[in-house]
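Listed in order, the protein sequences are those of chains C and P. Anchor point for the first sequence: position 90 equals 90 in UniProt numbering, and the numbering is continuous, going up by one each time. Anchor point for the second sequence: position 153 equals 153 in UniProt numbering, and the numbering is continuous, going up by one each time.
Warning: the hint list may mix true and false statements.
[Unchecked claim] Stretches of chain C that chain P covers, calculated by requiring three or more beta carbons in the stretch to come under 8 Å of a beta carbon on chain P: (1) 9–15; (2) 100–113; (3) 130–137.
Hints are computed from structural coordinates only; laboratory data are not their basis. Bear in mind the structure is a predicted one, so any value in this text is a computation, not a measurement. A virtual CB, placed ideally from N, CA and C, is assigned to each residue, including glycine.
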Amino acid sequence: MQLVVGGAYSGKRKFVNRKFPDSQWLSAYENESLTQWKETYITVDSAQVIEGWEVWIRQEWEKARELELVRNYFEACITEMKQIEKQKQQPIVLIMLEMGRGVVPMDKNDRSWRDLSGWVLQTAAEKAESVHYCWHGLSRQLK
Amino acid sequence: MLTFISGGARSGKSSFAEKLALESYHKHKDGNLYYFATSVPSDEEMEARIARHRGDRGEEWQTIEASLHVKDRLCDLPTESTVLIDCLTVWLSNRLYIGQAGWETIMQEVSGWIQTAQARQLNLYIVSNDVNEGIPSSVDSVASYTCMLEKLHQYIISSAEKVYQVIAGLPVKWKDD
Chain C
1 MQLVVGGAYS
11 GKRKFVNRKF
21 PDSQWLSAYE
31 NESLTQWKET
41 YITVDSAQVI
51 EGWEVWIRQE
61 WEKARELELV
71 RNYFEACITE
81 MKQIEKQKQQ
91 PIVLIMLEMG
101 RGVVPMDKND
111 RSWRDLSGWV
121 LQTAAEKAES
131 VHYCWHGLSR
141 QLK
Chain P
1 MLTFISGGAR
11 SGKSSFAEKL
21 ALESYHKHKD
31 GNLYYFATSV
41 PSDEEMEARI
51 ARHRGDRGEE
61 WQTIEASLHV
71 KDRLCDLPTE
81 STVLIDCLTV
91 WLSNRLYIGQ
101 AGWETIMQEV
111 SGWIQTAQAR
121 QLNLYIVSND
131 VNEGIPSSVD
141 SVASYTCMLE
151 KLHQYIISSA
161 EKVYQVIAGL
171 PVKWKDD
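The following block holds chain C by itself, in its conformation from the complex (with noise of 0.2 Å):
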């Protein structure tokens, strides 16, 4: 399992898309939900990115609104994902936005979110064999 992280526009689907020029793409942006992964990552041959964490764990959020459960919730996810990878001996790409830099939002909703992102965060770059963060278009390694 790979993670690239890195803030808003930052250049991590150009990462991603050079690195992986032929994987398959799960999206939160395109509406997609998190629960598709494993189908589509089973059914076809080739690296699998799943990108826009942040959007799924909001609607989580929403859902549950207990920080615990939604926390356990994509750590279970992630876990997963890592042990299916090992069977399937394709790359699970995770794609993540960095939003924790700036000032404590006033919205508790907004304080919780961004407190469980970056809790997931760290989960997948525990987890990930590979971290890279990217910033203004250029990427470093960190793991």
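Mind docking chain P on chain C? Use the hints.
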């Protein structure tokens, strides 16, 4: 020579950029040292702050007001001069909200800075701010501003010889051609 420097708020990016520009000026004694000020003094407090900054920078520096038109100012400078533009985020908002410029005009203008600097052998230092690593804005104009700024960063970086990210006053080198 083009150098791009960015970082978070109060990360020490301006001081670092000033230090680099001053070193460049001492190396290129035929040219002058310019500070291109992008802020528009809006009230007394702002004017006082600008005056204080100007005093802090030292007598080597000449300050040029460049809140909207940078390229025209660059064309007037003696070759081999060193120019520090601080900062891109302020200039972009001036250009968008005071100058009412569209995206293509803005890209052309910035590309003009880089071409002029190359043609006149200027040592150009551009300072900007990392504003894209916070919580995504739900306001469309803020999101599109961030997107534009990122495109400018990537464009400038592709032409830059040196690129630094400043964290807690410490420079992290990202590019050195």
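- Establish whether the coverage given for the stretch 130–137 of chain C by chain P is satisfied; the threshold is a Cβ-Cβ distance below 8 Å, and no fewer than three residues must meet it. It holds: at least three residues are needed, and the stretch 130–137 of chain C offers 3 whose Cβ sits within less than 8 Å of chain P.
- Message: Taking 8 Å as the Cβ threshold, is the statement that the stretch 100–113 of chain C is covered by chain P upheld or broken by the three-residue rule?
- Response: Held - the stretch 100–113 of chain C has 7 residues with a Cβ nearer than 8 Å to chain P, which meets the minimum of three.
- For the stretch 9–15 of chain C, does the count of residues with a C-beta closer than 8 Å to a C-beta of chain P reach 3? With 3 residues in contact (Cβ-Cβ under 8 Å with chain P), the coverage given for the stretch 9–15 of chain C holds.
The earlier numbered hints are all upheld by this structure, with none contradicted.
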